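> Mapping of the sequence shown onto mature numbering (1 follows the signal peptide of the UniProt record, and there is no 0): residues -25 to -1, 1 to 276, in sequence order.
Hints are computed from structural coordinates only; laboratory data are not their basis.
Every value quoted in this text rests on a predicted model; they were computed, and no experiment measured them.
For each residue, glycine too, the CB sits at the ideal point set by N, CA and C.
Careful: at least some of the hints might be erroneous.
Straight line, CA to CA, 20 Å or less: simulated DMTMM-like cross-link-like pairs of lysine to aspartate or glutamate [said to hold, decoys possible]: (1) K73 <-> E38; (2) K73 <-> D88; (3) K73 <-> D36; (4) K73 <-> E119.
Derived DEER-like restraints, expressed as beta-carbon distance ranges [unchecked claim]: (5) V262 <-> T91: 21 to 27 Å; (6) G259 <-> R90: 32 to 38 Å; (7) D170 <-> V127: 17 to 23 Å; (8) G259 <-> D136: 36 to 42 Å.
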Amino acid sequence: MRLARYAAAVLIGAALLLGLSVAPAGTESAGTEAAPPRPQAQSALTWNLCGTAEHCPGRTDPELKAAAAAGQALADPDLAYIMLQEVCAVSHIAPLRKRLGDEWAVYFRPARDVRTGEFIRCGLPNGPGSVQPELAGTAVAVKESGAGRVRVVGMEFEPPDAGAPATQGAACLVDDTSRTLACSAHFVHSGVDPDGSLRTWYARQLGERIDAAVERGYRVVVGADLNTTAADGYAAGLAARAVAADAGAAPTYGPTYPFEAATLAIDYLYFDTAGWSPGRASVGDVVWSDHRMLRGSAVPR
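Produce the complete structure using the sequences and hints provided.
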């Protein structure tokens, strides 16, 4: 049975929580601790920036795409998590790291063709003997909190068929100080998966990994282009018991943007309900992609 071949849930090492106590002004604490400050809302952003494919707006200006993403962090001090899809390892990630600065950790996961297992590349070779184009994939960026550290956590999914290449997964970072797992994912489109079976299979695994992290005491935030609408039902398995209603109700995709309005809601932002009290979500227009930016906020519990 296919379910028996699921990989074990990602094992996340335990880390000590850092707490703050504040004594009331004008008083001294004598063996007693004041209540910690109320947690502040944090924002997350997910965006398929449409790398360098021929149909992508701004395909020849990768630094402007990176600047559009990093600019959101510079404009919003509460933005703590950025999830990107269809990014190029050098053209987008290098300028993104530079613009975000040292207080952000950035991780890039290369994408593989679900049928062949080959790495997916940005753009096309320039002819015989030329250097192959750079790797394409997903990325996640986390704003480091306090004196803790942010580290990479592997999240790879089992293929549905024995002997098939293991290609699908998510780019994930863990902040050990806030005990938060942040992931960016990108599922295949209908041209590769016409009956939705692959998206259903991988969504279920992603939901199980979220639950496993929550059970170990981690908050979870996931941004993803799932290439499916809620009506399709292919991503129903992602709505695991720990996951709040997604912030993906508004359309974010329209292939002829900016000339037509977005028509499909295929980008999603999830906060687990055990660790977060989710707030409002919004969609922001941007001229550098056929996807809009999806942003949501939540208050840590």
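> Provide an ascending list of the numbers of those earlier hints which the structure does not satisfy.
Numbers 2, 5, 7, in rising order.
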